[in-house]
Amino acid sequence: MKKLRRKVYMVAGYNTVSMGTGRKEFNPKKECPGLEEYIKEAGQGTLKLIGGAKNVDECAIGNFMGSRFNKQANMAAFFPFIDEGLRGKPAIRVEGACATGALALMTGIKSVLAETAEVVLVIGVEVQNTVKAMYGADILAGAGWFKDRKEGHAYFFPGQFSDRAGAYFEKYGRDKTRKAFARWYRNAIENARLCPTAQEHHNTTKDLEALAMMEPNGRSFVDHLNVFDCSKVSDGASSIAVVSEEGLKRTGIPKEQAIEVLGFGQAEEDLTKKPVEQTELTTSKLAVKTALESAGIIISQVGTAEIHDCFTIAGVMAVEALGLADPGKGTDFILEGNTARDGKFPINTTGGLIGWGHPTGATGVHQAVTILEQLTGKAGDSQIKIPADRPYGLTVNMGGNDKTLVSIVYHRG
Amino acid sequence: MNYEERLQNVSVLGAAGKMGSGILLLTALEMADLSLKPEGKGKKYVINAIDVSDEALIGLMKYLRTQVLKAAEKKIVALRSIYKDHPALIENSEIINQYVTDVISLVMPSTRLEAALGSLLIFEAIKEDPALKVKIFSYLIENNPHQPWFFTNTSSIPIGELDEKAKLGGRIIGFHFYNPPAVQKLVEIIPAKNTLKEVHEFALAYAKNLRKVVVPSNDVAGFIGNGHFMRDILYATREVEKLQKEFGFVEAVYAMNRISQDYLIRPMGIFQLIDYVGVDVCSYILSVMQSYMKGEELHCALLDQLLALNIKGGQYPDGSQKDGILKYEKGKVTGVFDSKKKDYRMIDELKAKVDERLGPMPSAQPWKSIVNNPGKEEILKAYFAEIKNAKSPGAALTKAYALKSREIGIKLVTNKVAFNEKDVNTVLLTGFFHAYGPVNDYLK
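Protein chains in written order, with our numbering: chain A, 74 to 486; chain B, 1195 to 1638.
Incorrect hints may have been included.
To be verified - Here are the computed lysine-lysine pairs in the DSS-like style, where the Cα-Cα straight-line distance is at most 25 Å:
(1) A/K346 - A/K80
(2) B/K1321 - B/K1256
(3) B/K1562 - A/K97
(4) A/K223 - B/K1231
(5) B/K1524 - A/K97
(6) B/K1638 - A/K103
(7) A/K127 - A/K162
(8) A/K183 - A/K346
(9) B/K1321 - A/K346
(10) B/K1256 - A/K347
(11) A/K144 - B/K1264
(12) A/K279 - A/K249
(13) A/K252 - A/K76
(14) A/K223 - B/K1264
(15) B/K1570 - B/K1616
(16) B/K1321 - B/K1506
(17) A/K102 - B/K1268
(18) B/K1610 - A/K102
(19) B/K1585 - B/K1638
(20) B/K1268 - B/K1256
(21) A/K252 - A/K279
(22) A/K220 - B/K1585
(23) A/K279 - B/K1562
(24) A/K205 - B/K1256
No lab work stands behind these hints: they were computed from the structure.
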């Protein structure tokens, strides 16, 4: 990929709480905030930091399945609801399953690169607690090919990744892999405890790994994963501004409070096909490779990554797709403590999808906000030390079963 | 006739009642599952929901739809494979809706007893009235050409008597669900002396398919569950009579309710449990049991006095608790009925005084934190050791109550109601959700 024709930055990140089971204030029996409340909170959060709506040229909103979870479409028209100052400005809604958030970011990045905008307000949002889990599973199954739904599991995506876990167990051994899952869960929750907006922020379980070792039960759920191997049902929104150098000046934000987009990789795989290889995330691997190459760096220069751990098995395979470990060795890499916040390659420092939460359409934006906070030293209790010789941050946002992929490489501005 | 055939035409008498509706639900689900098996294809399954009023049956159908939906949602993993050959049913929601339709379509509501004349199996969950039961059974056995089997949910009447008086020829068994049947894991199975072997075998198979915990009981009025519960009531009310001289009536009721709940670490106090079951129901069960047990005083004057004042308890159709001996607000006990003033006195007003009389509260943990605690055995041992050594009036009442409960349990075995002490404990643990069985050595 050619070098980016212009510098692109991200600033002014904002996350709502990732709401759902686990949060003390969550009560599904009472009326919960809707889509528009989350959009408004996140959007206003970013607008406040960039000097208001007058500084915005364009808007992009990512949402996966509001058409079914909330019976709502035409979401770009919520921007003027956030702030009257956005009336009449161009806006777009994008969708790419769980990679929706990063696609919204890419929309902003490309607008800045195309020089149609200097400041793009980007929001990702999903409100999923409107239905019970077994109906939510139907809705989320839309990230797969609908013609595969009939033969799929009741919990479609847990079923898909359970099959991957089963294949991984068979190829590389079950015991160690399950232990790595449990460690992944523990890291996720421990990180989430440090982040006030995380869904698992209030989690007080003492022995997280012992809990996560619970045997999977295929009769009530799936064969190879238990509930702790899965990200939860979440409501939430994240917001950020994608800006040019001109945009930085306009919003008055100093460069050191921004992150610069150094490169990105986008990749699609055929929705109608089974995975090329059950034990590998081949499309993720391609997207990461493209992102690193376009940024002109190698993985060992990256200080922290936000990766798409919708399931623990996806976390293990993503570690391998990043090139941090050989196929089958991702489990060792995790069990040796490398991915923990004090390890040599901290991953998902605010909890990731399992710990922070997974409001599907918002996740890609949330990942960017976490990288922004970490690289600019604004991560509060979640802050990790970014080594001087490894100053880069990387995100991987995945839609469906390794189908729609976006990976972005960042550096402090 | 095999198991599946027996379940092709079933009736539930008293189907709209508290117990009947649960029995109907569980049986309809079991029948639907049989009908949806490959070998069930083309076979007709019918369950008649029989009760006295249209209104009650309309309510029943609403209840049923909600409950079947919940059951379907819970077993969606299994349902997907059951409906795998239906190409039009793709999403969970479509499969769940189809299952609800399939279950509900088996149910034929009726206010006419004649509807049961085609049935092979008849569940009975009507009023605890021996004469009424005999009358209905006699009618059905004389007029139903299929020699149906009767599963009675009686909790107190000896099965052998119903068998003989209605001339059922052993085609009857006690199949006693606990309230609510859809939730409670326990069933007591009570064969009469002449119950046919195949009826008993079917009962065990049916209980197993419903994933119930079965406790066998001998055919002695009250069986194990009420055998313990009723005597527990008698003990508590007699204690109230003693205590009221010193405490006053309202205070004594509050004190014994507190002892039986908080001090004994039970899910409900004894007077709350009486209200839950119904003061009238408890009184009636006692009178039925009394008629079979001449040597034992099973009459409870206090319950009769309260009934005379129209204090009944029981539940509203939505399952919430009606006021009875105690007053309830949002499910919480807030008052006690004062039989002199004929009104409730609020617990807030008397709590401090009574608690002071009971003395310092031992370090009891609430039932909720004990019942599923894997370390409960040790916690309970330590707790009762503390009770044993404590000198307070509250501890003394607790000790006496626990020992009485133990004695009642042991007598159920020596009087050959239960086969062993373990069965007694299982009934209290499973059917009454106690954290520990009454027959224990904690106070030894």
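Consistency of the hints with the structure:
1. A/K346 - A/K80: violated (37 Å)
2. B/K1321 - B/K1256: Roughly 22 Å separates the two Cα atoms, so the pair holds.
3. B/K1562 - A/K97: Given pair B/K1562, A/K97 holds - Cα atoms ~20 Å apart, limit 25 Å.
4. A/K223 - B/K1231: holds (19 Å)
5. B/K1524 - A/K97: holds (22 Å)
6. B/K1638 - A/K103: violated (49 Å)
7. A/K127 - A/K162: Since the Cα atoms of A/K127 and A/K162 sit roughly 10 Å apart, the hinted pair holds (cutoff 25 Å).
8. A/K183 - A/K346: Violated, at about 29 Å.
9. B/K1321 - A/K346: violated (62 Å)
10. B/K1256 - A/K347: Violated, at roughly 44 Å.
11. A/K144 - B/K1264: holds (23 Å)
12. A/K279 - A/K249: holds (22 Å)
13. A/K252 - A/K76: It is violated: about 42 Å lies between the C-alpha atoms, which goes past 25 Å.
14. A/K223 - B/K1264: Holds - the C-alpha atoms of B/K1264 and A/K223 are around 22 Å apart, at most 25 Å.
15. B/K1570 - B/K1616: With Cα atoms ~18 Å apart, B/K1570 and B/K1616 stay inside 25 Å; holds.
16. B/K1321 - B/K1506: holds (16 Å)
17. A/K102 - B/K1268: holds (19 Å)
18. B/K1610 - A/K102: Measuring from Cα to Cα gives roughly 49 Å; hence the hint is violated.
19. B/K1585 - B/K1638: Answer holds: B/K1585 to B/K1638 is near 17 Å, not above 25 Å.
20. B/K1268 - B/K1256: Holds, at about 19 Å.
21. A/K252 - A/K279: Given pair A/K252, A/K279 holds - Cα atoms ~17 Å apart, limit 25 Å.
22. A/K220 - B/K1585: At roughly 73 Å apart (the allowed maximum being 25 Å), B/K1585 and A/K220 break the hint.
23. A/K279 - B/K1562: Holds, because 20 Å separates the two Cα atoms, which is no more than 25 Å.
24. A/K205 - B/K1256: Given pair A/K205, B/K1256 holds - Cα atoms ~21 Å apart, limit 25 Å.
When each numbered hint is compared with the structure, violations occur for hints 1, 6, 8, 9, 10, 13, 18, 22.
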